[in-house]
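Asker: What follows is each chain in one-letter form.
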Amino acid sequence: MLTQTETFVPQTEPESREPDPRTINTVRDRNDRIFRVGLSSTGIAVLAIMVAVGVFLGVQAFDALSETGVSFLTTTEWEPDRGRFGIGSVLLGTVLIALVAIAIAIPISLGTALFITNIAPARFRGILVSLVDLMAAVPSVVYGLWGLFFFQPGVIGLSRWISTWFGWIPIFSVEGAESNSALPNASAFTASAFIAGVVVALMVMPIQSSVMREVFSQVPLGEREGAFALGATRWGAIRVVSLPFARGGIIGGTMLGLGRALGETIAVLLIISPSFDIKFRILETGGNSVSSLIALGYKEASSFGLSALMAAGLALFAMTLVVNFIASAFVARSRSGASSEA
Amino acid sequence: MTILEKSDSVGDQVGNVESQRPKTTLPQISPIALPPSNTRRIAGISREDLGNILGAGASAIAVTYLLFGLLAPLQGSVGFVVVAFFIFLGLYALLVSLTNPSPIVVDKVMTAILAASGALALAALASVVAFTLWRGRDALVTWNLYTEDMSEAGPADPLSVGGIQHSIIGTLIIIGIAIVLTVPLGIACAVFLNETRGRFNRLVRTVVDAMSALPSILAGLFIFATFILILGLPRSGLAAALAVSIMMLPIIIRSADVVIRLVPGNLREASASLGAPERRTVWHVVLPTARPGLGTAVILGVARGIGETAPVLLTSGFASTLNVNPLRDPMVSLPLSVFEFVQSPQPALIARGFATAAVLMVLVLVLFAVARLIGGRPAGQLSSRQRKRAESRSLRDLKRIEPDIETEQS
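Chains as they are written, first to last, in the numbering used here: chain A, 1 to 342; chain B, 343 to 752.
None of the hints are false.
Here are the in silico distance ranges between beta carbons for each label pair: (1) 485(B) to 36(A): 53 to 59 Å; (2) 239(A) to 392(B): 22 to 28 Å; (3) 625(B) to 123(A): 38 to 44 Å.
Calculated directly from the structure, the hints in this document are not laboratory data. Backbone N, C-alpha and C define an ideal beta-carbon position, used for all residues, glycine too.
So that you can see chain A by itself, here it is in the shape it has in the complex (with noise of 0.2 Å):
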């Protein structure tokens, strides 16, 4: 016959309270308070010229900002001291010229940060990583140059052909471009947002190549040998397990990489021809972005218009200042850091 038994639990006191945390009193001596008082005066240095930057750029906007409201951001022409003036234009072909730029950074940079985490062999990833850094540490008149006398002569070809073929898509339109004529137009290709772009793009891609390189580099290896043991080719094993991991890392080290796009002044100045109109068309002649208005502008311009230009600043200033805030938290919060138990 069956006895049923019961399970016993033991009834054990409940602990009476919980004890009180220690309270730990630091005690310095006079020696360590004066180092931290002069440390934290660095400190409070630093932080004074930084603030006195922004604040001093914010005040001195405010005359012209104060005059136009609102349609400051809309306004297309520059000519502050009629009262007409505006950034609509400007901060549009820097957005233009910086997506561009983006969108022939990511895919460079991604694969050379994958190649050179995944693919190449390991007696050459130092090398190569020094090769990426070393090309952003490269300064950007050098790479104006390039772009004005090596890179433009040969890209012409391919942006006639592009917008012959794939004119139908506004943004590759080109006005001003007899495309079927014998003596096609090459000056209608030149100085285009499209040039100013790519010569970006190669500024940025190593920026945004070390920020994804260093985040795949944390890719716990458990989970990379597992999916190699469960049958995954190596693009498999990058596709399930390293693209997801870094996503974070990869979203991150995008926006750094737009954040300087947006700022760049002196490849975009030598690039560009300057103009005013509202257009999206990136491979016709003719552009703008707000740091060349302010290189070129800011010689002639009046106090007032120095304030004008000194808003168009802040403008710049604040959406590089918001893209840089979303892209380091991005990569504070991607997984990197946290490991498979593997």
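Could you slot chain B onto chain A? The hints should help.
Answerer: Only chain B this time, still in chain A's reference frame:
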């Protein structure tokens, strides 16, 4: 004999003869029953791959040549490379699919694309460096480029007259002032960020992060508006150095912060437990441990600062004569000279611009190489000379503390 028969015979033995001790028998597996096992290759290039790549490459170039020369109205070197690459990918996929299942075809094609993007990045770097050196070659080999300024040389003068000595010296002065201003402040601020905790610390960190997003032209515009317009000071090397400093400071703080964060906490604790005050801990433990990384941080910041054109454009003014006084009169830097030279339609001036760009680039590359050399070592690892110095220092301390102790001099 198969496994089945063997186990049957074991069962017979156990069932029929109970008195006999049962023997443990191992099933004999014949080698034929095993499937042949091949180790899967994940990385590396086999001979078949190499043949596929070469074959696809050769036919892609041939087909593109046909398209560009004879069949279709295509032209331009960039277009040639683009078209050839896509034809290569298609042919390569076709070749691989003759002998392999589809996941391997995808893998091979993706590997080719990734390798090509790496190669594209390197080719871009190589072409930028080579093109600049090539276009500047005529001016680079003339000695007067390095020893004269442009005061005597007109725009149409040949390359044998005039040079960029004034901008080389100007760059060195501007960056020297910027280094003096930013490096001590930047490293002290990075120490501050690491050695203290609290709300103020977080605020400083956030603001520094924000300022690293400042477009460089705004740093120039700030100095232009305050220094030159409001204070009425002339355009000078000092103003340019200040603008460059505003741009470099966040870069140096952020990279030094990352390096100091890597100093192991137990080193700090060991120092504190020996009774060292925080000042000595930072000076004798934290900073020496992070020294190689700090060197890299500084040099990378300096390389960025040297190459910046936009802030200098607004603040330094332009001159074609040598000026060694940063307090007054315009002072040009290398990137600004490049910018001014290539604005001109004169071929001689453009050649000078390329030579100037080449000098600037070589300067940055040398700085970068130096940064790699000292930064190659992880924090705390010393070179043999540094280790000897550290040993002799601790020996001296030991003798000071215990004068009677016998020490072996090595």
